[in-house]
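Q: Here is what each chain is made of, one letter per residue.
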Amino acid sequence: AQRVTQPEKLLSVFKGAPVELKCNYSYSGSPELFWYVQYSRQRLQLLLRHISRESIKGFTADLNKGETSFHLKKPFAQEEDSAMYYCALRTQGGSEKLVFGKGTKLTVNP
Amino acid sequence: DSGVTQTPKHLITATGQRVTLRCSPRSGDLSVYWYQQSLDQGLQFLIHYYNGEERAKGNILERFSAQQFPDLHSELNLSSLELGDSALYFCASSVWVGYTDTQYFGPGTRLTVL
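Top line first, the protein sequences correspond to chains A and B.
The C-terminal position of the first sequence is numbered 110 in the working numbering, with every residue numbered one higher than the one before it.
The C-terminal position of the second sequence is numbered 1114 in the working numbering, with every residue numbered one higher than the one before it.
The following block holds chain B by itself, in its conformation from the complex (with noise of 0.2 Å):
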């Protein structure tokens, strides 16, 4: 088990809502990563926080959010969903090491936007 949780599990949900996902990182973890897997994209890199401070982005949409806290735990926000949003949400979460990390993974969150 790779420590990483991520809550809740599944989300079913209407077009147009907002949802939040929650990641809790690993013990010592300052780097938390959000990702997206969908059939036609597969694993996309959405977003990189390190330490309460947005590192880097990817082809996340603006409707999209994230945010890491004190406690080193990162929300996502995806707001007026859309079908297209359903997908497994995953987040990672690594130490640094010299100049690299290695991210592990939590078990995702499901999006069924209905």
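With the rest of the complex left out, here is chain A (with noise of 0.2 Å):
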């Protein structure tokens, strides 16, 4: 079965700290994985996307197939990026959907 793991529902740092969103995954296909944030009434927008290998507003992640993980990072937090952020795996062979984390709420401090 697939399984999207954040083991942190709350993470507050302070402003200029670094951050890492943590996410595990099981899913015995090759995976394909996204980070989706929600900030505050707002609607789920892609973050970034592990086949893209990109920095979105200064976040990264990078899959780890061996520890099965796709660990969010940004070396210095700011006020803005507080906000609900998913990770969710993608599944395939004809039944694609996204199976989601539970979220972790960021809450940056100034």
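One should not assume that every hint holds.
[What the hints assert, rightly or not] Derived DSS-like pairs (lysine-lysine); straight-line CA-CA distance at most 27 Å:
1) A:Lys9 / A:Lys102
2) A:Lys102 / B:Lys1009
3) A:Lys105 / B:Lys1009
4) B:Lys1057 / A:Lys102
5) A:Lys15 / A:Lys65
6) A:Lys65 / A:Lys9
[To be verified] Pairwise CB distance ranges (calculated):
7) B:Gln1041 / A:Gln42: 32 to 40 Å
8) A:Arg53 / B:Lys1009: 33 to 41 Å
9) A:Glu67 / B:Ser1065: 36 to 44 Å
Honestly, the hints are just simulated from the structure, not real lab data.
Every residue gets a Cβ at the ideal spot worked out from N, C-alpha and C, and that includes glycine.
Assembly of the complex is requested from the two constituent chains, each provided in isolation within its own frame, with the hints serving as guidance.
A: In structure tokens:
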């Protein structure tokens, strides 16, 4: 079965500090991982996807197949990064859907 | 703005009733996905339509049904509503490029069943 685990419901850091939001997955196929962000009262927005290997708003995430992880990192957090972050796994093979983790609420304090 | 629209924004109804949620995908997107977000279950996939045809089903109750119309908009029908159906319902649309797609979400419809 596919599963995405985000172990931290809440994460609080100070502005300028590094931040890492953890995501672990369980999937027997070839995984495709995403990070979505939801700012207060806004819709879910795609932040980044592992196949693009890009950095968005200073965030990066590396897929580690050995550790089945896709942690989201930013070296210097900003107050505007405060939001809910969801890690998602896209399944393949005829049942394409996103399996989401429960989310981590990030608060960046001034 | 991702371009996916959902109506209504809020819906308050009573147990036993039936409601219809509407989703208009981004221009050109052929796929529409429906998700339910509740406090205890998180974001759960319900159903996926591609160009009018049902493509995949998740943990969707038999009381729930969906369809995608020729103009590609989609409707999610929820009937015999129960208190536990209260949730935020999102739709997402996507366009396939090669073997993969990226889903873009609408703002959601908040359903409250009293």
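Q: Please flag the earlier hints that this structure goes against, numbers listed from lowest up.
A: Checked against the structure, the hints that fail are numbers 5, 7, while the rest are satisfied.
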